[in-house]
Amino acid sequence: MKHLAQIVRRAAALVLAAVLVCTLVPAAFAEEEIAHPTTIGGADTTLVPVEEENCLSWLFGSNDKITMPYLNIKGKGLRRNVTLNLVDCLVGITYTELGSIGSFVSSSAAQQAWKAQAVAIHSYLLYQKQYGSSANALVYTPVDQIPSSAREALRKAIEPVKDEVLTYNGSVIDAVWSASAGYNTQTGVYGTCSGLDAWGTDVPYLQSVESPYEEQYHNLMRRIIGKDYRYTEYNDSKTGQPYESADTTHKDLGGYVQYNTFVSNGRSYRYIGQFVSSRYCFDFSADENGTPVMNYYGYGHGVGMSQCGAVGYASEQGMNYKSILKHYYTGTSISTSGSSSGGLFSWLFGLFR
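Per the working numbering, the sequence shown starts with residue 1, numbered consecutively.
Worth flagging that the hints you see were computed from the coordinates, not collected in a lab. These numbers come from a predicted model, not from an experiment. If a hint is listed, it holds; no wrong ones were tucked in.
Subject to a maximum C-alpha distance of 20 Å in a straight line, what follows is the list of computed PhoX-like cross-link-like pairs (lysine-lysine):
1. K65 / K129
2. K156 / K322
3. K65 / K156
Between the sequences and the hints, there should be enough to build the whole structure, so can you do that?
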């Protein structure tokens with residue numbers, strides 16, 4: 001009994017210390033955090049902290065919330081230490097990424113595509129959070145800005161999978177995705193690009209896989225979220241003059257363009273690497289006047305899950321979200337997230353077991 005009382009006293013002291021830390025430390029550093037710009041993506045951006053996570057949430061844990069070091073919020077820009085209801089977070093980002101696809105494909109197909117996207121988002125967020133990285137590449141649409149019908153449909157899809165993440169050998173993966181995959185000029189089929197070909201890093205779960213519905217669904221996805229998956233350039237955008245010649249200077253092993261140099265009126269201009277970081281598949285042709293025409297296939301880096309492909313697999317083959325994810329992320333498993341820990345309370349409870 002004496003030993004138990006000693007444990008209780010120590011536990012109470014730890015709880016009190018944690019409360020003091022939650023109360024005093026943020027106040028001590030708040031002014032410094034606001035005063036100094038932080039460099040994100042090569043630009044000085046003053047990050048204005050939003051309301052800190054409730055201390056009790058940290059103490060006792062919450063399976064319903066997620067906190068990101070940085071998150072881009074639609075209409076508000078980049079924010080620091082954003083704490084959101086987990087389902088709201090997944091609904092808001094999934095809506096930004098895929099939109100109201102339920103208006104264009106069957107309800108069941110939309111549900112599976114949304115589920116796949118939500119699990120990928122959750123995995124990506126947790127992977128980034130592990131390293132304190134910015135998730136500013138993602139944009140969260142506040143749920144009150146989503147049309148009610150779409151919001152409820154998204155909630156219905158995402159609620160059952162909110163705790164699921166992709167893992168490889170027991171660790172959550174960097175579940176990157178892109179809007180669409182390109183046309184692989186070596187294999188003659190549409191497919192994703194491997195991490196090795198795209199970035200020079202061989203990631204076992206980011207391998208090149210087929211994605212056959214890219215051409216069929218890129219127009220649908222363009223209507224939904226406003227991204228152009230096929231782009232034809234007739235004139236030099238710098239001079240406004242037709243290209244006199246066009247030369248591909250570098251292309252990676254997957255058939256994705258890393259950069260091109262175009263020659264117009266005797267002057268060379270580098271495109272793609274200059275204004276986007278994505279890698280595109282493309283071909284050259286000519287119009288009736290002999291002017292070179294460049295056709296792009298694919299939108300994004302082409303690594304990981306293709307959003308067009310996911311919608312296509314769900315709609316055309318009736319694939320469920322687990323099959324879609326396992327197709328695009330080689331050798332992965334779907335596990336229950338351990339991101340929302342039980343907090344200090346769970347740790348203290350362990351003292352009594």
